[in-house]
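For reference, the chains in residue letters:
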Amino acid sequence: MTDWPLLSLVTFLPLVGVAFILMIRGDEAVVVRNSRNVALLTSCATFVMSLFLWFGFQTGTAEFQFVEHAEWLPGTGISYRMGVDGISVLFVLLSTFLTPVCVLAGWTAITTRVKEYMIAFLVLETMMVGMFCALDFMLFYMFFEGVLVPMFILIGVWGGPRRIYAAFKFFLYTLAGSVLMLVALLAMYFQAGTTDIPTLLHHAFAPEVQTWLWLAMFASFAVKVPMWPVHTWLPDAHVEAPTAGSVILAGVLLKMGAYGFLRFSVPMLPQASADFTPLIYALSAVAVIYTSLVALVQEDMKKLIAYSSVAHMGFVTIGIFTMTAQGVTGALFQMLSHGVVAGALFLCVGVIYDRLHTREIARYGGLVHRMPKYAAVFMLFMMASVGLPGTSGFVGELLVILGAFQVNTVVAALAATGLILGAAYMLFLYRRVVFGKLDKEDVKTMQDITGREMAMFAPLVVVVLWMGLYPAPFLDIMAASVDNLIANFETARAVADAASAAVAMK
Amino acid sequence: MATDIPNLFPALPEIFLALVAMALLMLGVFRKAESTRLVGHLGAAALVAAGALALAFGGLRTVTFGGLYITDAFAVFAKVLVFGASAVTLVLAVKWLEQENVQRYEYPILVLFAALGMGAMVSANDFLSLYVALETQSLSLYLIAAYQRDTVRSTEAGLKYFVLGALASGLFLYGASLIYGFAGSTNFDVLARGFVAGEPVSAGVVVGLVFIVCALAFKCSAVPFHMWTPDVYEGAPTPVTAFFSVAPKAAAIALFLRVMIAPFGDLLAQWQQVVVVIAVLSMLVGGLAAIVQTNIKRLMAYSSIGHVGYALIGLAVGTEEGVSAVLIYLSVYLFMNVGTFAAILSMRANGRMVEGVADLAGLSKTRPVMAAAVATMMFSMAGIPPFAGFFGKFFVFKAAVDAGLIGLAVVGVLTSVVAAFYYLRIVKVLYFDDPADQFEPMPPQAQLVLGITSVAVVVFFLFPLPQVVVAAGNAARALFGA
Chain A
2 MTDWPLLSLV
12 TFLPLVGVAF
22 ILMIRGDEAV
32 VVRNSRNVAL
42 LTSCATFVMS
52 LFLWFGFQTG
62 TAEFQFVEHA
72 EWLPGTGISY
82 RMGVDGISVL
92 FVLLSTFLTP
102 VCVLAGWTAI
112 TTRVKEYMIA
122 FLVLETMMVG
132 MFCALDFMLF
142 YMFFEGVLVP
152 MFILIGVWGG
162 PRRIYAAFKF
172 FLYTLAGSVL
182 MLVALLAMYF
192 QAGTTDIPTL
202 LHHAFAPEVQ
212 TWLWLAMFAS
222 FAVKVPMWPV
232 HTWLPDAHVE
242 APTAGSVILA
252 GVLLKMGAYG
262 FLRFSVPMLP
272 QASADFTPLI
282 YALSAVAVIY
292 TSLVALVQED
302 MKKLIAYSSV
312 AHMGFVTIGI
322 FTMTAQGVTG
332 ALFQMLSHGV
342 VAGALFLCVG
352 VIYDRLHTRE
362 IARYGGLVHR
372 MPKYAAVFML
382 FMMASVGLPG
392 TSGFVGELLV
402 ILGAFQVNTV
412 VAALAATGLI
422 LGAAYMLFLY
432 RRVVFGKLDK
442 EDVKTMQDIT
452 GREMAMFAPL
462 VVVVLWMGLY
472 PAPFLDIMAA
482 SVDNLIANFE
492 TARAVADAAS
502 AAVAMK
Chain B
-8 MATDIPNLFP
2 ALPEIFLALV
12 AMALLMLGVF
22 RKAESTRLVG
32 HLGAAALVAA
42 GALALAFGGL
52 RTVTFGGLYI
62 TDAFAVFAKV
72 LVFGASAVTL
82 VLAVKWLEQE
92 NVQRYEYPIL
102 VLFAALGMGA
112 MVSANDFLSL
122 YVALETQSLS
132 LYLIAAYQRD
142 TVRSTEAGLK
152 YFVLGALASG
162 LFLYGASLIY
172 GFAGSTNFDV
182 LARGFVAGEP
192 VSAGVVVGLV
202 FIVCALAFKC
212 SAVPFHMWTP
222 DVYEGAPTPV
232 TAFFSVAPKA
242 AAIALFLRVM
252 IAPFGDLLAQ
262 WQQVVVVIAV
272 LSMLVGGLAA
282 IVQTNIKRLM
292 AYSSIGHVGY
302 ALIGLAVGTE
312 EGVSAVLIYL
322 SVYLFMNVGT
332 FAAILSMRAN
342 GRMVEGVADL
352 AGLSKTRPVM
362 AAAVATMMFS
372 MAGIPPFAGF
382 FGKFFVFKAA
392 VDAGLIGLAV
402 VGVLTSVVAA
412 FYYLRIVKVL
422 YFDDPADQFE
432 PMPPQAQLVL
442 GITSVAVVVF
452 FLFPLPQVVV
462 AAGNAARALF
472 GA
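Taken in sequence, the protein lines are chains A and B.
Going by the working numbering, the first sequence opens with residue 2, and the numbers climb by one from there.
Going by the working numbering, the second sequence opens with residue -8, and the numbers climb by one from there.
For reference, chain B alone in the conformation it holds in the complex (with noise of 0.2 Å):
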């Protein structure tokens, strides 16, 4: 019967992934080590398509899959995001894995399917399908982690990673089947309707609340359940923590987003507090942990920490305005990460990639147009005016004054002062301090990604900021409309 064929075009940028996905692997299979590059760049173009679906047939709310699936604005904009910055950190390691002489055609493979995951993640509408969603990510995100198999670290950071994240989705389950057991559905249009804003609801729930909130915590690596982070960003092969610090924390944050907002957004009164608890530390530990860093992956392990403080404010916030405003922080995250990272990935000296503060030493003199990008990436996460990235903190304060959390945006604005140090240092490094040694020439990709994402965070109050701000706008809009 034509009615038992489900609705597939809420699903359709993953399906479209999906079958790429194992397309590819055929690829691979068969062209062994020297299709790499060709599977890197398909994967990235299939990534960019993908994305391109989301946003060409996925704008209306739709249920499908026995409400099991969900596509709508959030979803969307969510999608865009994660399948950009994958893309853009695939065609980046693409180019890493040559240099470096490990070309394995697993690892496109892998990104995809882990960009898979976090689009089912993003659309989930029920515990089950999230689990399912969660899992699809993590388990290629351990994978990858450890992808530099003969190197001591990178296999210690995939274990880490594996045994930490194992216990988070432990946790996760645990808080799922008890907010089944005690209001009756994993479902989130179901629960939506059970909840009363306001009416006291079980201890249960609560408690399972609190279980998914860590675990949620955890995969966003905010603290206190961060501490996995920094290994495995240190760890971890360079264009690896790219990417991990890219897509996989805004698909958990977006799916922070949805999973307390959609079931759970009447319970406000329940999970605010943890949830400022949760920022209010992120900010601080990413703040003062950064200070003391001179490994620049580690520093960006902390500094992503800090962010992910800053996003979870306009969650705490719990409006439909904070919801906006995370959704513009991480557009402005990503731009300024993915930059960031561009350059990480060029520190090559002498044959070998280094990881220093101190190796980037004088780089204003020796390449001059690189040290400037960093430097506006620096000022830009640091939150100056006109960066983008203090736009990205100004919606977010903006959200929690609005709310009245006043004292919420005070420790924000203060913490961001300490971050400030920080970001700082790198300046200083490269502009007040006489030269390392010159680092070889930055890959022709990497050029292209650093320069125009400094370009898009210098003019970003310009372009694309009144357009991202209508966009978070509908897509919160959308969360809160069901």
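Bound-form chain A, shown alone (with noise of 0.2 Å):
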């Protein structure tokens, strides 16, 4: 097994899904039957496929798995390399697992141009998975932007009312911040003569070169998470993009501003990192308190998950910085449990959207009587996402609020705050929502979850459950990689730190 390009395969799987639905020829109702049918079985194929990966995964070492390299530019230093470690392999998993269900999402939802959005679906998923895969920068830079492109279609093709803006407004955002950590990449290259990550990875750069790097490359990976104040783009994008839009911006796009800060900010640009640690945390206490008192005030069912996604990632940026065990687990774990929450809260509003078509609150309500069924559903994701102890939310919070603690008592009881306010906004939305009195007409005809929706909840209502109740086999995949990242990060600490003593002396 270890001899195939499994991270290859996994990456570009997808593609042959799309060059099969461009083949299809036929009368409108063929074309739009089998294409569903097509992009669910690659993207489930390509799911299986994804769990070689989590049984092959050796736990204990912190070294590259499933490494592959191949010529690519010759003479530049730039290559095809992929491998996943214990950071980046499970946002695989969360992108292969999330992609059939998006694609079921989407299955009666969308009714027009389904073969061009079964194929922007499925081209997303090669730029997702190839981006969490990739050990060269550029490669990895490739990936990243190219996620821009199916996306800002699916929102401007498929999405609501203000669709253009949101699309142009998501395009924008993010590839003025990327287009910065382009000229950061540059330097890097510049100074390491190459674009390997693991030879970035054991580089030392210049302390005063760091500053300017970890500024550029947080333009990039801020606007992604995306942090207080550039947030903006978020919620619109959130509420014009379909469910499935939705479900894979909150479920993994976002995570790949996180990702970035863990792959490259923090192990390459230590000093930088420390040095502006303080920073960090000011804007996550910030996102995570303002955004969550932002998301109270909702009217729009979506746009409040989107402002309580600003805030749940505001915990994932403060637990990468704290730089302790607990917290930078605790933020992997929370961006692995959010991208599942979060995403499966958005299915929900899909599920009422499809029916009623209109996310505001106010024109629900009693929904428990007619849909006891989704009620439930509703009830766990909800109570996830507060943390409630037994589902995967607790687990990432606790561990970052720990690792706050230790480092600064202050930024801990401000993340805590947010998490009261969090269990007050969701609440609150519940009990808007599916509470109350059942006294609109057109909501007692509602009917409750069909098996299709089923189908799609039931693998998340699985994982959110196993996250929360028996954590080990995630944690353990991401120990080794967790503690050589602090460790490291430690080492090139001391050394700089040595090394500005030594000046000080002369």
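Read the hints as simulated data drawn from the structure, not as lab findings.
One should not assume that every hint holds.
[Stated by the list, open to error] In the DSS-like style, the derived pairs of lysine-lysine whose C-alpha atoms are separated by at most 27 Å in a straight line are: (1) K86/B x K116/A; (2) K356/B x K170/A; (3) K170/A x K304/A; (4) K445/A x K374/A; (5) K374/A x K170/A; (6) K23/B x K356/B.
[As the list claims (entries may be wrong)] Restraint ranges, calculated between C-beta atoms of paired labels, are given here: (7) R433/A x R343/B: 38 to 48 Å; (8) T142/B x N38/A: 50 to 60 Å; (9) V345/B x V32/A: 24 to 34 Å.
C-beta: ideal position from N, C-alpha, C; glycine also.
Hey, can you piece these two chains together into the complex? The hints should help.
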């Protein structure tokens, strides 16, 4: 099994599906049905393929695994290099796990241009998986940016009434951030002579260069996370995107920024990361509290969940920059958990949106009477989002706060405040939508979730409970890589401190 | 005496083109208008053959005609681009001429003469041969800009181009004469020997150099000498615009590279800031002015101005890496522009050509394949990976960063975000808007060209990027290794 190019297969298998969809001929109904089937089959096959990663992954080592290498651009030090470690492998799985769910989510909701929709999703999957697998900065950048194209089309073609505004805002915001990272990439390439990530991880960049490189990458990753105050594209994009687009946006795309911090900023630029930690804490704390308050007053369900995503990602950035084992592990766990939970919450919204075609909270109420199964599913994910023990949300948030408490009690206290606010807005949302009197005529006729929707939610429910009740397998995969990350970070800091002490002595 | 016959091999592609052009002219004269198609296709074949000749015989650096003419890897690279682009746009044009019922066999002949001039331009090793080549090219171009002589727009475009082009030629001559006066030669090799990096140089040479930079900036339509471009691109018949936006542009930039690097490479300190300013202004104007355009040809004019700005970053760097990056950029640019114009040439609804951006509305519903191809071109021009356009920009910015011009690279990436806006606007029109009038089916030639270029743009990173990187590296080394 090990001599198979497993990562390339997982990455590019969706493109094979795209090729099949492109070859479908026939009348409209046949094309629609077959593209759906091909997309579902391909994404499921990709998920099955990616399970080999889960079973074949060696815990206990921080080395990159399943490494592949091929020549690409001769004489430039840029090559095709793939590999995963404990930090990235779970995100590959998250991406391949959510894509079939998204295909199912668009099964009946998408009625126009189904073929193009499925193609966009499969291309998006390739880009996401490739980004987490890339072990070459150039390759990473290609996938990182490449995501924008299918997402732009998804929001713009199948989105809501203000879709064009949202699509442009999403694209240009992220592009503006990313191009600055490109300059940083080039500067690092110039300094180290290669774009090979494992080599860059061990290259010591000069302290004064680190600051600029860090800021340039921060511009890109902060927009992607998104951190306050560059988060404003997110509510627009979420609200206008079709349900599955929101799921993938919240589930995977937001993780790209945090992954970038973990893969590039922190290990490659330790000195600058340490210097800028207060900035990250401040922005994250603002994000956690401010966006939670904003979420409280939202009238639109998707917007509320979008703001809650910003708050949850604030936890993640705090966790990463605590640079403690608990904090970083918590951040990683929170990212996975948020990927599943926020995705599931958008699906919950999508389910009732498909029936009533409105996302306005006030238009609903008393759903529990007509839709008990739906109420139960929604409750579970709502609780997971709040961080109820026994669900995946609890583990991540607890670890982050534990980690934060070790380095900065104020930040830990502010983050904990965010938890309370999170509980407030989620419970408030749930009460207004699901409980209360069933007095609206059209709400009275709503059907409970169908078999297809149940098939969509079932795996998510299982994963949320599994991660909450028995998180050990996930934590084991992360452990070695996280320890290695922190050890390297501490060493680099110690070396830098010794160097500056030596300068001071003279 | 045998020694009196100069070595003709370095000029073989151009000699071949000249002979073919004259033969085809005879053919046209005797067979009149119905020969347009034949002359056009034979002309395109001749261009391809000329490119092959350049590849076959031009690899080694050879100087001939008493130092006036040179061939090296750089000239070959540029000639292959120029002849290839000319051939493809000529094939597209022949079809268009038939559709518009303006078949005249002079068109292919003029394109051949222009290509001949361009080939000689990139092989010039002396200001005199350079001027002759430049004028051969320009005079042919003035004529084909005014080719649709019954329409006001076309004649106006031709006249504007002629008046401003003549002014630029005057600037060039004046600059060359100043340099001759102060440095004592017009030959690039002799000039190069006379300058030493870091040593003071007479003010006369610097003034002459600035005049030449201005003239060359005009020829490749860089800001602030770009004013003619939008008008000429909009007014000229569409196939002429397609031709203008690729072949002469590539030739002018290649010429710019040779003139700045071969004789004046050691005076980098003198001209670098001028080229930096031109590059920055071109990127800014190209990005900002295109936003408000509603005519697609005019939009492409500003787009090309922006692209020249990015390419000139590589020249401003003035290193071997920079030159190689410009050549990569040019190759990518030709693919994208040829493909885009193949689509624009097929924008024909209700029996006539349309040129509005709005006419593309909803194309993804009426002609999904064409829309997907055009969208690919737009994403590529915006520099989004994994499309080809990204790699063009990547190498240019890399050269700038390596040479310490990080500010220039930052301006470059930020203006590319501005430019992304108007490219996205076209994607938006294609995909998000409701359909406008349906276009007539694309002619097979345009289908073929658009198909090949869009596939090439998508898979560029696999093929031919690695090969182009190597070839451009060799070409750049040839330019510096003089």
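Going down the list of hints, with the structure as the test:
1. K86/B x K116/A: Not OK: K86/B and K116/A at ~33 Å, beyond 27 Å, violated.
2. K356/B x K170/A: Judged against 27 Å, a Cα distance of about 24 Å means the pair holds.
3. K170/A x K304/A: 16 Å, holds
4. K445/A x K374/A: 15 Å, holds
5. K374/A x K170/A: 37 Å, violated
6. K23/B x K356/B: 42 Å, violated
7. R433/A x R343/B: 38 to 48 Å: For R343/B against R433/A, whose Cβ atoms are near 58 Å apart, the range 38 to 48 Å is violated.
8. T142/B x N38/A: 50 to 60 Å: Distance hint for T142/B, N38/A holds at roughly 54 Å.
9. V345/B x V32/A: 24 to 34 Å: 30 Å, holds
Checked against the numbered hints above, the structure breaks hints 1, 5, 6 and 7 and satisfies the rest.
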